[in-house]
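K.L.:
Model the placement of chain W on the given structure of chain R, informed by the hints.
These protein sequence lines are chains R and W, in that order.
Be aware that the first sequence starts at 11, since it is given in the numbering used here, and climbs by one per residue.
Be aware that the second sequence starts at 73, since it is given in the numbering used here, and climbs by one per residue.
Mixed in with the good hints there might be a few duds.
To be verified - Computed cross-link-like contacts, SDA-like style, restricted to lysine to any residue with a CA-CA straight-line distance of at most 25 Å:
no.	chain 1	residue 1	chain 2	residue 2
1	W	Lys-118	R	Leu-49
2	R	Lys-159	W	Gln-154
3	R	Lys-152	W	His-182
4	R	Lys-152	W	Ile-177
5	R	Lys-140	W	Ile-177
6	W	Lys-118	R	Phe-222
7	R	Lys-140	W	Leu-343
Stated by the list, open to error - Restraint-style ranges between C-beta atoms, simulated for each label pair:
no.	chain 1	residue 1	chain 2	residue 2	range
8	W	Gln-129	R	Ile-41	37 to 43 Å
9	R	Phe-48	W	Glu-277	36 to 42 Å
10	W	His-78	R	Pro-44	29 to 35 Å
Stated by the list, open to error - Example chain R residues on the side facing chain W (calculated, C-beta under 7 Å, incomplete):
no.	residue
11	Phe-103
12	Glu-106
13	Val-138
14	Lys-140
15	Thr-141
16	Leu-142
17	Gly-143
18	Pro-156
19	Leu-157
In short, the hints are calculated from the structure, not lab data.
Here the structure is a predicted model, which is why all the values come from computation and not from measurement.
We treat Cβ as the ideally placed atom computed from N, Cα and C, and that holds for glycine.
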Amino acid sequence: MLNEFFGESTLEAILLTLKLAFITSGVLLFIALPLAWFLANWQSKAKPFIMSVLALPLVLPPTVLGFYLLVAFSPQSALGQGWQSLTGSNLAFSFEGLVLGSVIYSLPFALQPLYSGFSQLDNRYLDVAKTLGFSATEAFMKIVLPLSKAPIVVALGLSFAHTIGEFGVVLMIGGNIPGETQVLSIALYEQVEALEYDSAHNLSIALLVFSFLMLAALYRFNGTTRSGEGR
Amino acid sequence: MRISAHLPNRIDAQITLQPESHFTGVTGPSGAGKSSLFRALAGVEKSAKVGTPWASQKVGIVFQQPMLFPHTDVRGNLALAQRHASPNAMPIDVCLRACYCEHLIDKPIHALSGGEAQRVAIARALVNGPDVLLLDESLSAIDVFTRRKIYQFLKRLCGSGQLICFVISHDLDDLALFSDELIYIDRGRAELCGQTRDVLARMFERESFTTPSSVLEGESVVTQRKVDGNNQNQNADSNHNSSSVSQEGQYGTAILRHDNSQADNGIVRVLVAGHEIYVSEESVSYLPQHGSEQLSVRFAVKACDVSIDTNITDFGNASTISILNALPCVISSVEPMPTPQSPAGEGPETVQRRQSKAHSAKVLLTLTVIDSNQTLYASISHISLTRLNLKTGMQVIARFKLL
Chain R
11 MLNEFFGEST
21 LEAILLTLKL
31 AFITSGVLLF
41 IALPLAWFLA
51 NWQSKAKPFI
61 MSVLALPLVL
71 PPTVLGFYLL
81 VAFSPQSALG
91 QGWQSLTGSN
101 LAFSFEGLVL
111 GSVIYSLPFA
121 LQPLYSGFSQ
131 LDNRYLDVAK
141 TLGFSATEAF
151 MKIVLPLSKA
161 PIVVALGLSF
171 AHTIGEFGVV
181 LMIGGNIPGE
191 TQVLSIALYE
201 QVEALEYDSA
211 HNLSIALLVF
221 SFLMLAALYR
231 FNGTTRSGEG
241 R
Chain W
73 MRISAHLPNR
83 IDAQITLQPE
93 SHFTGVTGPS
103 GAGKSSLFRA
113 LAGVEKSAKV
123 GTPWASQKVG
133 IVFQQPMLFP
143 HTDVRGNLAL
153 AQRHASPNAM
163 PIDVCLRACY
173 CEHLIDKPIH
183 ALSGGEAQRV
193 AIARALVNGP
203 DVLLLDESLS
213 AIDVFTRRKI
223 YQFLKRLCGS
233 GQLICFVISH
243 DLDDLALFSD
253 ELIYIDRGRA
263 ELCGQTRDVL
273 ARMFERESFT
283 TPSSVLEGES
293 VVTQRKVDGN
303 NQNQNADSNH
313 NSSSVSQEGQ
323 YGTAILRHDN
333 SQADNGIVRV
343 LVAGHEIYVS
353 EESVSYLPQH
363 GSEQLSVRFA
373 VKACDVSIDT
383 NITDFGNAST
393 ISILNALPCV
403 ISSVEPMPTP
413 QSPAGEGPET
423 VQRRQSKAHS
433 AKVLLTLTVI
443 DSNQTLYASI
453 SHISLTRLNL
463 KTGMQVIARF
473 KLL
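With the rest of the complex left out, here is chain R (with noise of 0.2 Å):
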């Protein structure tokens, strides 16, 4: 039924692009867990710089960011040289410069829910768990993660729903490679290109009511989480 509705290349282009925002949210989860917790505890003057880094592709232009990654991924550079010698194969045009090209362009996103709920977290749960023996490693997993169930959700689908509309530096760092690069952003604009509004009709709808769901979802879980907080 879906074959029907979506035609075949665009199903392809449905589930690469779902297994994309799979293991990027996956790994950004991994990454920025411990990063926004560093974040959140560490007081520094270079603080405001770092913090200005990792959130500049919320702010720059996909393309840009799309550049200079197509630039690092290069056999030429010395990422691109290091990928190639140990897998044999370009880093550039290729489903894991994807994922990489992805993890970095939704890193904020995981990344700034992260850092409010710890910034806003009491320090003394801390200071309690410290008492009852507890290690820093042993109260962030049994203290710190379970009273952060809300961001960890939201950063959870705020990349997932962010990889899942990517386009400019996919375009830029994947090209349009059905089954290997082309998502589902460059299969729409490949279909208006082509003027099949139909096809590009039902892709809109969907990815439409995708966002919105997952947005709802989102926000009623906050707001559920908020409301038992607050009892």
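P.N.:
Only chain W this time, still in chain R's reference frame:
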């Protein structure tokens, strides 16, 4: 016992306590540095330099905000505290009983009232089995009856050498009742430190209290009927819950003793200088016993609760008034009572202000209880002072209602 704590711009305290002081009260104006002192002693202030005799022991702290972990329920909070509990820590059910929160075990944290949450927080700290427990206004939202019961339990633990307790409170009656020694913190320094009644008297000299309290000690009067009743109660309780009590061992005994205290219908009779004084159960604190069969108790009397009777010949037969308690005393001093100061008035020049401030229409009598050398305060009006022609050295009867 020497304690020092230094936290830049917040606290610089040197404290010396008697080795036998296991329950120490801490008081002082808001913002004086009491909580900073506790945070430093608990080891949660990285920049603090602290010297204590309990360096290798477990220190627990309970804040005024209970800081119960909201992602789990009461049971979950206690289970988290039990993860790293000392080998000699009390079982969960004993802690719950001692803090009157057995019925809260399955409640989510957000469903607890302020007082309930404070009780659970104290139970959580006890479950962890600390050697030293710091209570930072941790009982402020608990009703007076339950609060005193919890203090009595903690006092018993302290008396048996299982715990050292430091308690911050603004309730001077609580501190007067239970503290072995009292520390008065002001502007980050331990300005006063010593025996509770001495520190309270010196605090009154420094600051303006409308109703200073005196601390009296005596022996609890136990009737044979009450002893039998206690035994029956304990037997009944033991039969009812024998396995629990046997597991609880020494802690269980402590709870039974404080639940079935020397009170008869909620009233404890105390002998002070040979005179029987009636005190309600929640207003006494039992002192550690040293071999004597009689139970020593302490209670606090507010100056405003004491009336003066000059008819010393009718001491035991005051059948025309409802005031139960009477003690023969000698007036040691008569001083004008200062007018109450606003909290904003508390500060560095307190002594100077005390000398220059206006006096109220009341006077403060310092009385020495005959045959016991204990001090009792009475605040009376200037009119009464003149009418009764009260003078230093005069013998009077101090009367006060059931406390």
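K.L.:
Indicate, hint by hint, whether the structure satisfies it.
P.N.:
Hint check results:
1. A C-alpha spacing of about 18 Å is found between W:Lys-118 and R:Leu-49, which places the hinted pair at or below 25 Å, so the restraint holds.
2. At most 25 Å may separate the alpha-carbon atoms for a hinted pair to count; R:Lys-159 and W:Gln-154 meet this at roughly 23 Å.
3. Taking the CA atoms of R:Lys-152 and W:His-182, the gap is about 19 Å. The hint holds against a cut of 25 Å.
4. A hinted pair counts as satisfied when its Cα atoms are at most 25 Å apart, and R:Lys-152 with W:Ile-177 qualifies at roughly 20 Å.
5. As the CA atoms of R:Lys-140 and W:Ile-177 are separated by approximately 23 Å, the hinted pair is consistent with the 25 Å bound.
6. For the hint pairing W:Lys-118 with R:Phe-222, the CA-to-CA distance comes to about 46 Å; that exceeds 25 Å, so the pair is violated.
7. At most 25 Å may separate the alpha-carbon atoms for a hinted pair to count; R:Lys-140 and W:Leu-343 exceed this at roughly 46 Å.
8. Against the hinted window of 37 to 43 Å, the Cβ-Cβ separation of W:Gln-129 and R:Ile-41 comes to about 40 Å, which satisfies the hint.
9. The supplied range of 36 to 42 Å is broken by R:Phe-48 and W:Glu-277, whose beta-carbon atoms lie about 52 Å from each other.
10. Taking 29 to 35 Å as the suggested C-beta distance range, the pair W:His-78 and R:Pro-44 conforms, at roughly 33 Å.
11. At a threshold of 7 Å, the smallest CB-CB gap from R:Phe-103 to chain W is about 45 Å, leaving the interface hint violated.
12. At about 37 Å, the closest approach between the beta carbon of R:Glu-106 and any beta carbon in chain W exceeds 7 Å, and the interface hint on this residue is violated.
13. Evaluation of the R:Val-138 hint against chain W yields a held restraint, the C-beta minimum of about 5 Å falling below 7 Å.
14. Look at R:Lys-140: its Cβ gets to within about 6 Å of chain W, closer than 7 Å, so that hint holds up.
15. Restraint check, R:Thr-141 versus chain W: the minimum CB separation of about 5 Å is within 7 Å; hint holds.
16. A cut of 7 Å between beta carbons decides the hint on R:Leu-142: the least distance to chain W is about 5 Å, and the hint holds.
17. Interface restraint check: R:Gly-143 against chain W, minimum CB-CB distance 3 Å, threshold 7 Å, status holds.
18. Interface restraint check: R:Pro-156 against chain W, minimum CB-CB distance 4 Å, threshold 7 Å, status holds.
19. Restraint check, R:Leu-157 versus chain W: the minimum CB separation of about 5 Å is within 7 Å; hint holds.
Hint check: violations occur at hints 6, 7, 9, 11, 12; the rest are consistent with the structure.
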